[in-house]
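Novice: Residue strings, one per chain:
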Amino acid sequence: MDCKLCKIKEGKLKAKIVYEDAIVIAMLSDNPAALGHVEIFPKQHVDTIEALQDIVVQQLFTVANTTASALFEASGAQGTNIVMFNGDNTNNPYPHLVCMILSRRENDGINFQWKPKQLQPEEMDAVQSKIRDKAFMAEHHEKEKKEPKKEEEHKKQEEEVITIEEENYQVKQLDRLP
Amino acid sequence: MQFTPEQQQALEAQKANCPFCKIIKGEIPSKKIYEDDKIIAVLDINPAFKGHTLVMPKEHYPILPLLPQETFQHLAVKIKEISKAVKEGVLVFGDMIFVANGVVAGQQSQHFLLHIIPREKNDDIDVFELKKGEIDAVKEEELYKVLKNNLPLMLKTTYAKFPLQQQQQKTSSLPPTSYAKEEVLAIIDKNIPLKRLIVENSEQFKALAQTNPQLQMLLKNVVLDEIIAIIQKKEVKDVQKQSKPIIKEAEIVQEQQQSQFSQSPIQPSIISQKPAQMDVFKELEENFKKKQLSEQEAEEKVYEDFMEVLAINPKLKYLLLYDMPLLKEKIAKIAELQDIFKDVDLAKLKEYVEKKEAEDNNQKNNENNDTATNDDENNLISRIG
Numbered sequence: 000m001d002c003k004l005c006k007i008k009e010g011k012l013k014a015k016i017v018y019e020d021a022i023v024i025a026m027l028s029d030n031p032a033a034l035g036h037v038e039i040f041p042k043q044h045v046d047t048i049e050a051l052q053d054i055v056v057q058q059l060f061t062v063a064n065t066t067a068s069a070l071f072e073a074s075g076a077q078g079t080n081i082v083m084f085n086g087d088n089t090n091n092p093y094p095h096l097v098c099m100i101l102s103r104r105e106n107d108g109i110n111f112q113w114k115p116k117q118l119q120p121e122e123m124d125a126v127q128s129k130i131r132d133k134a135f136m137a138e139h140h141e142k143e144k145k146e147p148k149k150e151e152e153h154k155k156q157e158e159e160v161i162t163i164e165e166e167n168y169q170v171k172q173l174d175r176l177p
Numbered sequence: 000m001q002f003t004p005e006q007q008q009a010l011e012a013q014k015a016n017c018p019f020c021k022i023i024k025g026e027i028p029s030k031k032i033y034e035d036d037k038i039i040a041v042l043d044i045n046p047a048f049k050g051h052t053l054v055m056p057k058e059h060y061p062i063l064p065l066l067p068q069e070t071f072q073h074l075a076v077k078i079k080e081i082s083k084a085v086k087e088g089v090l091v092f093g094d095m096i097f098v099a100n101g102v103v104a105g106q107q108s109q110h111f112l113l114h115i116i117p118r119e120k121n122d123d124i125d126v127f128e129l130k131k132g133e134i135d136a137v138k139e140e141e142l143y144k145v146l147k148n149n150l151p152l153m154l155k156t157t158y159a160k161f162p163l164q165q166q167q168q169k170t171s172s173l174p175p176t177s178y179a180k181e182e183v184l185a186i187i188d189k190n191i192p193l194k195r196l197i198v199e200n201s202e203q204f205k206a207l208a209q210t211n212p213q214l215q216m217l218l219k220n221v222v223l224d225e226i227i228a229i230i231q232k233k234e235v236k237d238v239q240k241q242s243k244p245i246i247k248e249a250e251i252v253q254e255q256q257q258s259q260f261s262q263s264p265i266q267p268s269i270i271s272q273k274p275a276q277m278d279v280f281k282e283l284e285e286n287f288k289k290k291q292l293s294e295q296e297a298e299e300k301v302y303e304d305f306m307e308v309l310a311i312n313p314k315l316k317y318l319l320l321y322d323m324p325l326l327k328e329k330i331a332k333i334a335e336l337q338d339i340f341k342d343v344d345l346a347k348l349k350e351y352v353e354k355k356e357a358e359d360n361n362q363k364n365n366e367n368n369d370t371a372t373n374d375d376e377n378n379l380i381s382r383i384g
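Protein sequence lines correspond, in order, to chains S and P.
With numbering that gives the first Met the number 0, letter number 143 in the first sequence gets 142, and the count goes up by one each step, no holes.
With numbering that gives the first Met the number 0, letter number 78 in the second sequence gets 77, and the count goes up by one each step, no holes.
This is chain S alone, in the form it adopts within the complex (with noise of 0.2 angstroms):
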């Protein structure tokens, strides 16, 4: 695996830890920001916290708001940020999931302020519409995938002898052009 975080995982690297547990690590960056930068990733080698079960990212998410109220407190900061790196594209340093918390303070040379776009009408309703459905679909999903599945199998075997009769009756088919 070629994976900094998984050597660290496994003991093959050092880092400075401060926490570990059998689900994630948090540990102080090798690259940090500002003073006071801590990275928290699963044990479990994702890219995305959809990969995750949800009691993992309950845990991950307790365990980044923790940390950031002791930096907070322990390093006199003024404000703290949580960002997760969650996928691809995100100039995540790393191949593998990480939320990382900064303490901020006045003047610190970091600044998160995004260039704001001014998105025409219709296409926020586009994106509305497309996003909303998608979201709602998720809560019923879940119940409905159980029992379709198992439908699923047994269509699939029926379907697998209709296409070999279909293939007969064609090749039959041109057997009888003159």
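Treat the hints as calculated values from the structure; they're not laboratory data.
From the three backbone atoms N, C-alpha and C, an ideal C-beta is built for every residue, glycine too.
Watch out, some of these pointers could steer you wrong.
[As the list claims (entries may be wrong)] Listed next, the stretches of chain S that the computed footprint assigns to chain P, with coverage defined by at least 3 CB atoms under 8 angstroms from CB atoms of chain P:
id	stretch
1	38-45
2	50-64
3	114-127
[To be verified] To be clear about the criterion: a stretch of chain S counts as covered by chain P if any three or more of its residues have a C-beta under 8 angstroms from a C-beta of chain P, and this derived list gives those stretches:
id	stretch
4	6-14
5	26-32
Fit chain P to the known structure of chain S by using the hints.
Specialist: Just chain P now, with coordinates in the frame of chain S:
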């Protein structure tokens, strides 16, 4: 969190002016994408990227540490789903989940928000590329020791305070993990392929039940053999109910045939008289022919039903007429075909179908001929006249 009275007053003043509280109440229009009783998600009006979403609890809290544990746990799970929905809706493969606690950190609203910002290659968002800063090594060491000491303790206390709530949410967010016997029977009833498998090949079902995780979960609290026995009994009853009317029809036909035959009993006194004998034998012949015809008719009735089936299934018809051995193979393999072709003489069925086809073709040809002759006449008339 317990606030001092001054803090409480400040908080309530915040709430009154909070634009996001107004959005939640509906006083300001917004583009909602998800809502439930604890949280709400809307699109950002000035997005960093198409699909930039704000997720917030319905209650007003300034920063994340002040959220109560229940809302926090619920939020954590829902963020996972909303992030997936955003990625699927905007067709990207990654997004940032961003929280700012404090104005210095970039918090722009007084109501706690969580940003979900979709990311793409070569989007203009460069703020998340963290660069190494200048840090005092001594201070870092101190911080390391302090955190190493404090963080595990803080986490222990939070888990000590809220273990029950975690467990409760575990059971409520997951689907039911155990089914009662009636529920299992109801589910299997609805699922016809599964029912058929149990009835016909219960050993294969048992093997499947051990490998398939869904079946395992379904049958966890239930004795497998009991369920199989109940379902097999039910199926037999249902099949008997269905087959009864067909048997009745066949019986009726048999009775009719017997009554026809019994109408003219052979009496020895009649046979001895010669002239009348011929009439009697004629009658017998006629009755015998009628019986044959009625048998044929009975068969043809059954075959008529088949004609309907074959009309719907042209492939089956083709196989019956031109490829009998392949059809027999199919019947041996597929259960549905076995049901249809039970107790049917395929050769006779084929003859019947061929006969019907020939009749239909003749009718069509006659119709065509008629129209053709009409046209000829018209042509003649037009030429003459």
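Novice: Hint by hint, say whether it matches the structure.
Specialist: Against the structure, the hints:
no.	hint	verdict
1	38-45	violated (count 0)
2	50-64	holds (count 10)
3	114-127	holds (count 10)
4	6-14	violated (count 0)
5	26-32	holds (count 4)
Against the hints set out earlier in the document, violations occur for numbers 1, 4.
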